[in-house]
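For the record, the sequence lines run as chains A and B.
Last residue of the first sequence: 115 (our numbering), numbering continuous.
Last residue of the second sequence: 1110 (our numbering), numbering continuous.
Where hints are given, some of them may not hold.
One side of the interface only, derived from the structure: several residues of chain B facing chain A at Cβ under 10 Å [unchecked claim]:
(1) Val1004
(2) His1007
(3) Leu1013
(4) Asn1032
(5) Tyr1036
(6) Gln1038
(7) His1043
(8) Leu1044
(9) Gln1045
(10) Phe1051
(11) Thr1086
(12) Phe1090
(13) Cys1091
(14) Lys1097
(15) Phe1100
Note that these hints are calculated values from the structure, not bench results.
Beta carbons: idealized from backbone N, C-alpha and C, even for Gly.
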Amino acid sequence: NAGVTQTPKFQVLKTGQSMTLQCAQDMNHEYMSWYRQDPGMGLRLIHYSVGAGITDQGEVPNGYNVSRSTTEDFPLRLLSAAPSQTSVYFCASSLSRSRPNTEAFFGQGTRLTVV
Amino acid sequence: AQSVSQHNHHVILSEAASLELGCNYSYGGTVNLFWYVQYPGQHLQLLLKYFSGDPLVKGIKGFEAEFIKSKFSFNLRKPSVQWSDTAEYFCAVTGDKLVFGAGTILRVKS
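Work the whole structure out from these sequences, hints included.
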């Protein structure tokens, strides 16, 4: 049972490049979310999804897109990378469809540097 | 809007000292509350959670937290910290989404 698998673990991008961070879970969880972690700011919610075909914006959605075509996958796309997007990104999933009122499981994180 | 506030960003304690980390939240409806821990270089792990029932919840590694609804608080406690408790601690709350506080970095001196 792999849990939440997040790839890549490290990435360096040039300003203006685009890329997709992958997130997959094998626990049949309906709620999935993406966070960025920056020193002194905790984890800030980028986007979240309560089920396949349903996504919504979090606290810091600008510059990021998501889609949820299957229950298992929730990729995060950076459209045109900027140095301000240098951060550590975490994907998380939890069981509940309507509200995330169960434990969240986290991926290992992606350390992204934009130069 | 849903939000979480953690009172201290950095805490330094000696081994065997008692720990209390403050957490307050804002949300107009029913909430579920969590404390997560992140050890250096690792991802977040669940320490404890509160959904309903007894407002004093016990978690792993001797941690406990108390939910005080009237104060919108969920403070984390441990009677005697160890060097291995050095980590960053995050309070989190779910209303319609899972939101985290800014974190508290705990350093325990041996």
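Status of the hints after comparison with the structure:
A least Cβ separation of about 8 Å between Val1004(B) and chain A falls short of the 10 Å threshold, and the interface hint therefore holds. The interface hint given for His1007(B) is violated, since its Cβ lies 13 Å from the closest Cβ of chain A, which is over the 10 Å cut-off. Hint status for Leu1013(B) relative to chain A: violated, with the closest Cβ pair at about 20 Å, above 10 Å. For Asn1032(B), the suggested interface contact is upheld, since its CB lies about 4 Å from the closest CB of chain A, less than 10 Å.
Checking Tyr1036(B) against chain A by beta carbon gives a least distance of about 8 Å; that is within 10 Å, so the hint holds. Proximity of Gln1038(B) to chain A holds as hinted, the smallest CB-CB distance being about 9 Å (cut-off 10 Å). Of the supplied interface hints, the one on His1043(B) holds, with its beta-carbon coming within about 5 Å of a beta-carbon of chain A, less than 10 Å. The restraint placing Leu1044(B) at the interface with chain A holds, with a minimum CB-CB distance near 5 Å, inside the 10 Å limit.
Satisfaction of the interface hint for Gln1045(B) is found here, the shortest Cβ-Cβ separation to chain A being roughly 8 Å, below the 10 Å cut-off. The criterion of a C-beta within 10 Å of any C-beta in chain A is met by Phe1051(B), whose closest approach is roughly 6 Å, and the hint holds. Interface hint status for Thr1086(B): violated, as the beta-carbon distance to the closest one in chain A is roughly 16 Å, over 10 Å. Because the beta carbon of Phe1090(B) sits about 6 Å from the nearest beta carbon in chain A, less than 10 Å, this interface hint is met.
Hint status for Cys1091(B): holds, given a least beta-carbon distance of 9 Å to chain A, under 10 Å. With a cut of 10 Å, the hint placing Lys1097(B) at the interface with chain A holds, because the nearest CB-to-CB distance is about 5 Å. Below 10 Å, beta-carbon pairs count as interface contacts, and Phe1100(B) has one with chain A at about 4 Å; its hint therefore holds.
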